[in-house]
Amino acid sequence: MVPTAVECTGRVVEQAPLARDTFRLRLECPEIAEQIVPGQFFMIRIPGGSDPLLGRPFALYDVARDADGRAVAIDFVYHVIGKVTGLLAGWSGGERVELWGPLGNGFPVPRAGHLVCVGGGIGYTPFLAVAREAAGQRRYGNPGRAVAEKASRVTLLYGVQTRDVRADLSDFADIPRFSHRISTDDGSEGRAGFVTELLREMLTDETERPAAVYCCGPEPMMRATAALCAEHEAPCWLSLETPMACGFGACFSCVTRVRVDEDPGWDYRRTCVEGPVFSSASLLLE
Amino acid sequence: MADLRVTLNRLSLRNPILVASGTFGYAREMAAYVDFGRIGGVIPKTITPLPRMGNRPPRTVETASGMLNSIGLDNDGLEAFIEKHLGYLLTLETAVIANIAGRNTDEFVEMARRLGEFQRLAGLELNISCPNVSGGVDYGTDPTLTYEVVAAVRGACELPVIAKLTPNVTNITTVAAAAAEAGADAVSLVNTFQGMAIDWRRRTPVLGNRIGGLSGPAIKPLALRCVWQVAQSVPVPVIGIGGIQSIDDVMEFLVAGASAVQIGTANFYNPGLSSALVEELEKTVDAEGCERVVDLVGTLKAS
Ligand SMILES: Cc1cc2nc3c(=O)[nH]c(=O)nc-3n(C[C@H](O)[C@H](O)[C@H](O)COP(=O)(O)OP(=O)(O)OC[C@H]3O[C@@H](n4cnc5c(N)ncnc54)[C@H](O)[C@@H]3O)c2cc1C
Ligand SMILES: Cc1cc2nc3c(=O)[nH]c(=O)nc-3n(C[C@H](O)[C@H](O)[C@H](O)COP(=O)(O)O)c2cc1C
Ligand code: FES
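Just so you know, the protein sequences line up as chains A and B, in that order.
Read in order, the letters of the first sequence are residues 578 to 863 in my numbering.
Read in order, the letters of the second sequence are residues 55 to 357 in my numbering.
Careful, some of the hints might be misleading.
For each label pair, taking beta carbons as the anchor points, the in silico distance ranges come out as [to be verified]:
no.	chain 1	residue 1	chain 2	residue 2	range
1	A	Gly721	B	Leu354	50 to 60 Å
2	B	Lys355	A	Gly626	29 to 39 Å
3	B	Glu333	A	Asp645	28 to 38 Å
4	A	Asp643	B	Asp192	54 to 64 Å
I should point out that these hints are in silico values taken from the structure, not numbers from a laboratory.
Heads up, the beta-carbon is just placed ideally off N, CA and C, and yes, glycines get one too.
Next up, chain A with everything else stripped away, as it sits in the complex (with noise of 0.2 Å):
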């Protein structure tokens, strides 16, 4: 079946605080919870009023699933920035928002050997899915999509700037041949420094090399994260955050440049439906 994106009504069902200003929203709206897959997003918008005006993309955490099994559930983690995030850390359950989704491409199904996930900040949210997903854990889509060779382990790898908004990784507890290790930016947990310096360690050992390196945070660690692999000739994929308007490709606003054959050797393209991942070597990153 090929999924069809879908406009409806969730209803909060429950929020969770992960760490300072970031929590876990749970909505329940079967329609999207059945189709999505790992690395692709809804948007949602604050019904009612007209400002905020505009839906906001969030990605797919996790599907939540009720006792027979059914996805009924979508999950994202969210850090409070502006209007929205705003106004959601203040709910509680029950309210409502608009939605529609799900929405781009996602990850590529993982492929077998050391899948290392690179998440910078709340660009974390998207690889408890993934991991799931490599590991066998569990399927998303609709028909599940097929895995065809687990991913031997997964790492994450996830750097933050500081030990106060580096969200609770309980999560991912429970999934098979799964490991991560944090970075801080000032040290005060894990490793002091930038998560590239985790990413260059497994790269250059034979042991840890990656069979594939997906990666999620804010532009200029992605940057250098695209480099490293580069440079180690690691298959990288990118997930872009570029600001959306409607997130279903009628805006063209969220464009990207994505390299072609023609001149000037690239084009702007939308990420909302040709992304929002792309293969690193796709990209020319400014």
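Assemble chain B with the ligands onto chain A, guided by the hints.
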């Protein structure tokens, strides 16, 4: 059941709910949300003779009850449009009105001729009002140039012609009158209002293009004023555009004198809105005790 059909000179529509250029992609993007068979018509994104890269990001930013955009007519050009999109568009069970922009009259004429070959197109909308491109002639602010380009396009093809007007002028009625005199079947208004967003802490404009066009609910009162003034004084059917997001908004434009409306920015945050509005329009016209939607057009009282 109310009769929703409207006729704007040579342009006949099943109902007055259209979707605005640049806010509906090439329709394919909307297929999951919209029942094309319900709406009055589709106006795909503006096409130019040759491909245009568009402006550098950020291209949009939300503002109070609205948004600014500076997309810059990012499109693959006329021939790519015909090859990649027109075939699909013409399979849809709705009127398709192509929207074109040229840098000079020759370019408008050349595009009108080429598109005139497609008789299943319902019409052409001339974008003489885009605030985001430089280097071209600013038709929409000059009645003489507006007359010239509309007359030339009328002479170049058989399709009904709509002139899409900019509100960034001192007097929109003189431009509308020039379009009408040159033979436009209708005028559509408004395109976006020029505006700006500033990040004062960084001391930078928010948009890559520095300035952009304001749209959404914030501009509805401004657009209503323009539509009412033109409908009052110029003998040409008006298509109302600006901030429409509910059936009440639609009714306000109709009562102000618009024969049809276009839904713009609201497609982004309520993608199924256009087809839902057709249903609501039917009910509202019935509830008003009218047999035909046209009986409501321009019924504003002096007060
Ligand atoms: C595909 C995708 C997936 C995403 N997934 C997630 C996710 O899982 N979790 C998550 O937390 N985030 C995610 N994001 C980012 C998320 O969409 C944004 O954080 C969210 O839209 C913020 O909305 P807001 O209303 O709270 O902030 P806004 O009020 O919209 O503000 C956003 C930012 O822009 C700045 N800004 C806004 N307007 C102006 C202005 N006029 N001038 C200057 N600056 C301005 C604000 O200061 C702020 O920094 C994702 C983005 C994309 C594209
Ligand atoms: C992102 C965006 C892109 C647009 N692109 C075009 C375009 O290509 N051609 C055009 O004639 N109008 C374009 N417009 C203007 C709309 O068609 C419409 O006239 C305007 O947005 C006002 O209506 P609204 O407030 O309902 O959006 C664009 C508007 C937006 C918001
Ligand atoms: S967000 Fe509108 S086209 Fe991508």
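Practice item. Note whether the CB distance of Glu333 of chain B and Asp645 of chain A lies within 28 to 38 Å or breaks it. Key: Since the Cβ atoms of Glu333 of chain B and Asp645 of chain A sit about 35 Å apart, the hinted range of 28 to 38 Å holds.
Check your understanding: Is the distance from the Cβ of Gly721 of chain A to the Cβ of Leu354 of chain B consistent with 50 to 60 Å?
Key -> Since the Cβ atoms of Gly721 of chain A and Leu354 of chain B sit about 57 Å apart, the hinted range of 50 to 60 Å holds.
Check your understanding: Within 54 to 64 Å or not, the Cβ separation of Asp643 of chain A and Asp192 of chain B?
Key -> About 59 Å separates the Cβ atoms of Asp643 of chain A and Asp192 of chain B, which means 54 to 64 Å holds.
Point to revise | CB-CB spacing for Gly626 of chain A and Lys355 of chain B relative to the 29 to 39 Å hint | key: 30 Å, holds
When each numbered hint is compared with the structure, no violation occurs for any of them.
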